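Chains as they are written, first to last, in our numbering: chain R, 213 to 1147; chain Y, 213 to 1147.
Any given hint might turn out to be false.
When chains are identical, the list treats them as one kind, so a pair holds in a single copy or across two.
25 Å max Cα-Cα, derived SDA-like pairs, lysine to any residue [to be verified]:
| # | residue 1 | residue 2 |
| --- | --- | --- |
| 1 | Lys678 | Ile417 |
| 2 | Lys980 | His1054 |
| 3 | Lys1079 | Asp1020 |
| 4 | Lys1084 | Asp1020 |
| 5 | Lys1141 | Ser274 |
| 6 | Lys574 | Ser275 |
| 7 | Lys1079 | Ala1024 |
| 8 | Lys887 | Glu920 |
| 9 | Lys737 | Met1002 |
| 10 | Lys1141 | Arg916 |
| 11 | Lys900 | Met1002 |
| 12 | Lys652 | Lys738 |
| 13 | Lys294 | Glu583 |
Keep in mind that the hints were calculated from the coordinates and are not lab data. None of the values given here were measured: they were computed from a predicted structure.
2 protein chains.
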Amino acid sequence: MPTRKIAKTKTKAKTKKAAPKKSATKAGGKTTAKKTKAAVKKNNPKGQYYYFFSVGKADGDSSMRDLLGGKGANLAEMCRAKIPVPPGFTISTDVCHLYYDNGMTVPQAVDADLEKYVKMVEKAAGKTFGDPADPLLFSVRSGSKFSMPGMMDTILNLGLNDEAVEGLARKTGNLRFALDNYRRFIAMFGNVVLGLDKDIFENVITKRKEDRRIKQDSSLQVNDLKEIVKKFKSIVKRKCGEPFPDDPYQQLRLARDAVFRSWNTPRAITYRRLNDIPSDLGTAVNIQMMVYGNMGNTSGTGVGFTRNPATGDKEFYGEYLINAQGEDVVAGVRTPQPIAQLKKEMPAAYKKLKDITTRLEKHYREIQDFEFTIQENELFMLQTRNGKRTVQAAIKIAVDMVKEKLITKVEALGRIEPAQIDQLLHPSIDPSTKYDVIAKGLPASPGAASGKVYFTAEDVVKQGPKKASILVREETNPDDIEGMNVAVGILTARGGMTSHAAVVARGMGKCCVSGADAARVNVKKKQFQVGKLVIKEGEVITLNGSTGEIIIGTVSTVEPELSGEFSEFMSWADEVKVLKVRTNADTPADAVKAIKFGAEGIGLCRTEHMFFAEDRIPIVQEMILADSIEEREMALAKLLSFQKKDFKAIFNAMEGFPVTIRTLDPPLHEFLPHKSDVEAKIEALDKKSDEYEEDLAHLSKVLRRIEELAETNPMLGHRGCRLGILYPEITEMQVKAIIMAACDLIKDKKKIFPEIMIPLVGHVNEFKHQKEVVERIARGVIGKSKSRQMEFMIGTMIEIPRAALTADEIAAEAEFFSFGTNDLTQMTMGFSRDDAGKFLGHYVESGILPHDPFVSIDQDGVGQLIKIGKEKGRAARRDLKIGICGEHGGDPASIAFCHEIGLDYVSCSPFRVPIARLAAAQAALRDKKTARKKK
Amino acid sequence: MPTRKIAKTKTKAKTKKAAPKKSATKAGGKTTAKKTKAAVKKNNPKGQYYYFFSVGKADGDSSMRDLLGGKGANLAEMCRAKIPVPPGFTISTDVCHLYYDNGMTVPQAVDADLEKYVKMVEKAAGKTFGDPADPLLFSVRSGSKFSMPGMMDTILNLGLNDEAVEGLARKTGNLRFALDNYRRFIAMFGNVVLGLDKDIFENVITKRKEDRRIKQDSSLQVNDLKEIVKKFKSIVKRKCGEPFPDDPYQQLRLARDAVFRSWNTPRAITYRRLNDIPSDLGTAVNIQMMVYGNMGNTSGTGVGFTRNPATGDKEFYGEYLINAQGEDVVAGVRTPQPIAQLKKEMPAAYKKLKDITTRLEKHYREIQDFEFTIQENELFMLQTRNGKRTVQAAIKIAVDMVKEKLITKVEALGRIEPAQIDQLLHPSIDPSTKYDVIAKGLPASPGAASGKVYFTAEDVVKQGPKKASILVREETNPDDIEGMNVAVGILTARGGMTSHAAVVARGMGKCCVSGADAARVNVKKKQFQVGKLVIKEGEVITLNGSTGEIIIGTVSTVEPELSGEFSEFMSWADEVKVLKVRTNADTPADAVKAIKFGAEGIGLCRTEHMFFAEDRIPIVQEMILADSIEEREMALAKLLSFQKKDFKAIFNAMEGFPVTIRTLDPPLHEFLPHKSDVEAKIEALDKKSDEYEEDLAHLSKVLRRIEELAETNPMLGHRGCRLGILYPEITEMQVKAIIMAACDLIKDKKKIFPEIMIPLVGHVNEFKHQKEVVERIARGVIGKSKSRQMEFMIGTMIEIPRAALTADEIAAEAEFFSFGTNDLTQMTMGFSRDDAGKFLGHYVESGILPHDPFVSIDQDGVGQLIKIGKEKGRAARRDLKIGICGEHGGDPASIAFCHEIGLDYVSCSPFRVPIARLAAAQAALRDKKTARKKK
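Pulled out of the complex, with its shape left as it was, chain R reads as follows (with noise of 0.2 Å):
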């Protein structure tokens, strides 16, 4: 049986090229598509597996993603609405399911009705699968609920054998054409179904190229190709053991259950990873009747879409090559024409299609990716699909159809994911800076970035995410996806607005230029050359994604601007949210910028922030350093005017909103220079005469003081208000710095409402303790200035387990509590942030863990905590302010969960506010769906 020794071929050489580590391939047991036979049967009682189409016709509809994949649901829905489809079927995912519960294997009662859908597309092409004289071909494709671009296995001209092809030559009197499409069904199936490197068959085209002294593979000749098919079909023999199968329903079944397969590649599995799109989905399979676009001059094929998918500016977008097959645009192998222009080459087609794909954008009620062909001056509609767009153009194109009332405003909120927002925030080049552009490419995805070049994936990988890394590719290609996400930009020297690297580069936010050509990328040398400029790998360049300028060094950058559309879109927001979005900010000009993002306060102000200014440390430091209270209360005093200079400052910015201030967090060793630079500095004034003796007393007591700081898990040690207790002293300044300068304010006539929050309390009587010293000196300097108006709150971090435990008790004393899910998640999981790279990646990545946890909160365990936290402190205090800070304030699914809980607000950097105002909104309209849905 051909069949199995065939996909166990595969299946191997796939899994050992992207599971290096042992363990990954032991615990990875999340990755099969997991309905069982059972589940399925469930779920379809009648038993109905494949779904017919043709034009006019349809088993199927556009609400059946689960069932038939995107791409077949809908084909299905295009056929309904009488749009020309080439005719065919979808084999559900059910089946994919039951491939894998049976053992790799389809079902033999499921597979039995295989002829009989095929029959059925014979009849609607009129044409036979399988008929020596005029054969019906298939392309196969597969399909799942959301799109995968590039990720899954495709195979064009399949039912072409030996005497087929011949059939095919006769037919269309174009023996060539035959040939050419022979040549490349064997080299797809064999790579995709039987497992062989593309190489192989590369190598063979490459050879007989050189030997004929050609360079194009469209001046390969009949004789040509014959040699090369007989080639293709020894290797297959030789690697494979067995001859390529010239059964039509064979090479079907085959190529159906390779699709099947190509749902569980390591590039589709990372694809999903890096999407957050489930792994039990599974993937449908279409066939469908094969149409040429390669067919001469009268021939084309394109993609295109119905808005600017950069923009969003309505305008018919699209790209095209005459004389093509599909594949052909999207690899970006050619660089296609601009859409119009098929307006002068073919107008009857250009305008059925822009009639077509208008139809389908009022259909679907989103800007629609369209693929056709054009055989013989026949159009034909290959795919629709809702358009991947830059979110300026995805919230362009909501507002817009809010104007033409195609949805409505709530519709418009629920179309853009929150973080894709960031994109719009980030800077880009400053258009006052003179600089050289050494080569120009396509504008494929908006933003700019600088960065160290590097020429493959794996490369930028090596550097990790830290590092500002650019990618630079020939062209880019699903392999490349991981180095992709690490990249802060992309470069490649071929490729469309629509090619891979363009796609993917919009979907991840990330700045692209794409099909610069006139940059000639050696991998090998590890550089690349734009004249006779050679950039090597390691030097910096900067990308202007919105341009396509590619320019040497760094440059500088501007913030955004924010469009009208913008401000509009997120106002509906803001109608809808119920949580309040504050900001964390440590600085008046952050305060600032957080206010132009929409921030309603300030929900974190890390004081100790301001003490590491050049300024003020070496203060710090002698505070750190005194012997004496009276001495440590000497240096405090010295920060008191800067620290009140700050608040000041912040107040004003944040004027009439709340600005929660923290008081100091950190150990103090933070505070303090490195062990081993001091040891350093010692011994070189050893050295040194006695005129360093002092340098040497200072330093030596420096390096004591370090020393007893010291601590195995600072984490978990002398910190937050651990020393406000041992030293209140250092409360009592920060608190006279927060009053006075509020009072100061106040007496401007200013609404000044200052939060002081605790941290890390774990027992109440932490907090008794702080809040007894924060009223008796707020008392004192509100007494002195006489602005007894003066408000303010006390509250604290919930950021230790037993906080959220006894939360109570703590609610009883505190005003208000925030949590500090960073450091609540290092204790409720026992991971230290510092350190869990060495195994969190691990986990996420055999799904031990669902995801980063200190990205997006934990919401089985951690969640528990913050939802105990939040119960029992209401119970104790019905008014009790509840809100979080930390990273978790502007993850979109974090917040979400904030507003299921009931939380009153969530703080994160200046940012992600507009994220997190988005997400809030997302939050408050699923909760009144589901309300009404209870209803």
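The hints should help you fit chain Y onto chain R, whose structure is shown.
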């Protein structure tokens, strides 16, 4: 108003002395008696604040310890039993609460009744208070619910003034006696009530003695005493700004208030903290007619016990001094006579004393500790209370009393503090060892200890509890409490078996040698001298507290022999306890010892402890340095035979009991040498010739690995099951060793119950991963060995908060839980045990935490997680076996908690097994009582 002024003076002086840290004062909200006026009135609606007692008649009785204090309640009870007690009355603890709640003044309405009760005493005594001719004089003593020997203040001879002293002289015909009492009274009053330093008065006497060239106080003549009294009075006037109060009632009121204040002296606070006595009890004041043991040779005073408080033997036991006041005996100033001597000196008084104390013991059904005074041949009982005794004695007395049918077994079990059992289990000096005794004192508290000598409590405290220090003092006093607590043993040159040092040391279970007259202690020179031999600070001596021997240097010791009474007593505990008690043991020797102490299995066997042995650590390092799985597996294969051998021996020792083995837990860097050591070696080799190149390469590799493995917070880093998940081959090896060892023994018909425990699980998927490894390997080994009857369990530690929160998910997979309360406490409270020392001491001292959570479970916080874990765990798996391991498993309060919430077992170190057995029994008994009460 002299009272107010005086009160102020005193409070200030005392506070300053004992609370040098600024913050300690601030956080000390826990140190006052807490009951409010309202609370007092609620419980005492009739408003009775004074309780009269006289032979045959008393307002109170022994059940009223809360109100009258132990001393007052017992005085009342003795009077009811017609025992000769000088008449008097007790001011209840309610008045103490009112005093604190009323701005440090007794409310006038309560104060007004004082004279009424004084009159009642006058009637019983036949004398009048303040009568210049024949004055009634009072002793004024504190007395709280729990005995705090020497902690609070006493004033004798109150009522004397210039007139009364003459009346007393006339009445007794002894002017010297009267004057001696007067000067003692002024000094005592001056010190206790007026807050003046004792030394001011002592210096006057010393100077007088020098002037008169005499050495003994007893050599002072009438004129000397007159002069001294005059000086004393002028000192009071000068220091306080007003004359010594002449009015007896003013004296009485001031003394009463001073007693109330003495409840909150730092030394009293410290004592309560060390002895877990609540701070809000308050003290009563006992005002009682003075009787005199110092009226010549027909008078005397003494203390004693109804049984031997060191051994428990049934023998009359005590000490007395002829012609002395009570304080002289306890203070250890003169070394007293054994009580047997009294039989010869005063046979009638002796017989009466023996009869009375025998009656008292029967009455109280407990060993009595009594004080008596013989005034001119007439016996007065001044106090009786349950006697403090060694735990050996306590057990023997309890077992004897059960046999004497005085008490039940249940009562007997309730009489031993579980923690005290510890004292029985520690080694004593090996009797076969020869050693030189340099001096001998009294065997004041049994046990043996070697340590470096220090001469002040402060110096001992400075060494910390981890260093073995011996406190050497002329005599100890309550200010030495902290030092005694830290020291491993105490040596005093003066004082008897009931001296401060002896009583306190026995209470603490510390070895103590008292009254070693031969030793001359010189605190200034920091040395003591025996003959010509000088022992300086820091030199090592050994004390044998069971014999009173003092030995130079360290002496070898032997395990304690447990008495027959002990075994009998413990068997009663086993009859009632519900919790199983297991042990934490890593070696066969530990296992054997634990079985002897009554362990019912191993709850925690830390396999890594086996890794540290000298012959294994190089192999472990080989494993850590391995560059590939293959290399790592080679090293592991070598470890396998070691581990198998260890497990076999442990299983053997624990035959018939379950043995829980934890897979590798600590971070790998713990097995590598210190970075600085490796660097030093490299530097050394670098200078040598080339032949060391291989060594250098190896060392560099070690260094690199150390750097790779370095962690910021190793506690939250790559350890526990995180190791086994990244390196499954380690778990595989360990499981192989465990199952192979078990199979070998099962073949020999042994009953072996291995329980394999996965550490540091936070997410059920971690457990699943390791469970798969365990099951796979175990299946393989069992299959090969053919011992099919082999049974084992797979469970996990619950030591990460998240694990407790998701215990239902984990219990669906795990067969048992063991709460690792050490780590659970660290993470739940955010305390690193290695670092918390910097603030935890302060936290406990200042009352922010009620106790050290690493010693006794934080029931409010960590305890909640344990309850959640237990409830969710049992909900998912009804028969889930649950225990705890870690330090808390041997802490009585924590054991009681484990019993209450229904765990199956506790596991603790071998030496704490008997403690745990008794604590478990007591918890079960309390449970029954509660159950009975509920009925």
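**Report entry** Same-copy or cross-copy closeness of Lys1079 to Ala1024 [CA-CA at most 25 Å]
**Finding:** Close inside one copy (17 Å) and across copies (23 Å); limit 25 Å.
Report task. If the cutoff is 25 Å on CA atoms, where do Lys294 and Glu583 land: within, between, both or neither? Let me know, please. Result -> Classified as within: same-chain Cα gap 16 Å, cross-chain 113 Å, threshold 25 Å.
Query raised in the report: Is the C-alpha distance from Lys737 to Met1002 at most 25 Å within one copy, between copies, in both cases, or in neither?
Result: Neither way: Lys737 and Met1002 sit 68 Å apart in one copy and 61 Å across, limit 25 Å.
Report task. Go through the copies and call it for Lys1079 and Asp1020: within, between, both or neither, with a Cα cutoff of 25 Å. Result -> Both ways: Lys1079 and Asp1020 sit 12 Å apart in one copy and 17 Å across, limit 25 Å.
Query raised in the report: Taking 25 Å as the upper bound on the Cα-Cα distance, should Lys1084 and Asp1020 be classified as within, between, both, or neither?
Result: both (5 Å within a copy, 22 Å between copies)
**Report entry** Within, between, both or neither: Lys887, Glu920 at alpha-carbon 25 Å
**Finding:** both (11 Å within a copy, 19 Å between copies)
Requested in this report: Classify it for me, Lys574 with Ser275: is the Cα-Cα distance of at most 25 Å met within a copy, between copies, both or neither?
Outcome: within (16 Å within a copy, 91 Å between copies)
Query - Intra- versus inter-copy proximity for Ser274 and Lys1141 (alpha-carbon distance at most 25 Å) - result: This pair counts as within: shortest intra-copy Cα distance 22 Å, inter-copy 71 Å.
Requested in this report: First find the shortest C-alpha distance between Lys652 and Lys738 inside one copy, then the shortest across copies, and answer within, between, both or neither for a cut-off of 25 Å.
Outcome: Within one copy only: 20 Å inside a chain, 86 Å across chains, cut-off 25 Å.
**Report entry** Intra- versus inter-subunit Cα pairing at 25 Å for Lys980 with His1054
**Finding:** Between copies only: 15 Å across chains, 43 Å inside a chain, cut-off 25 Å.
**Report entry** Intra- versus inter-copy proximity for Met1002 and Lys900 (alpha-carbon distance at most 25 Å)
**Finding:** neither (57 Å within a copy, 73 Å between copies)
Query raised in the report: Quick one: Lys678 to Ile417, C-alpha cut-off 25 Å, is that within a copy, between copies, both, or neither?
Result: neither (42 Å within a copy, 80 Å between copies)
The structure fails hints 1, 9, 10 and 11 (numbered hints given earlier, in ascending order).
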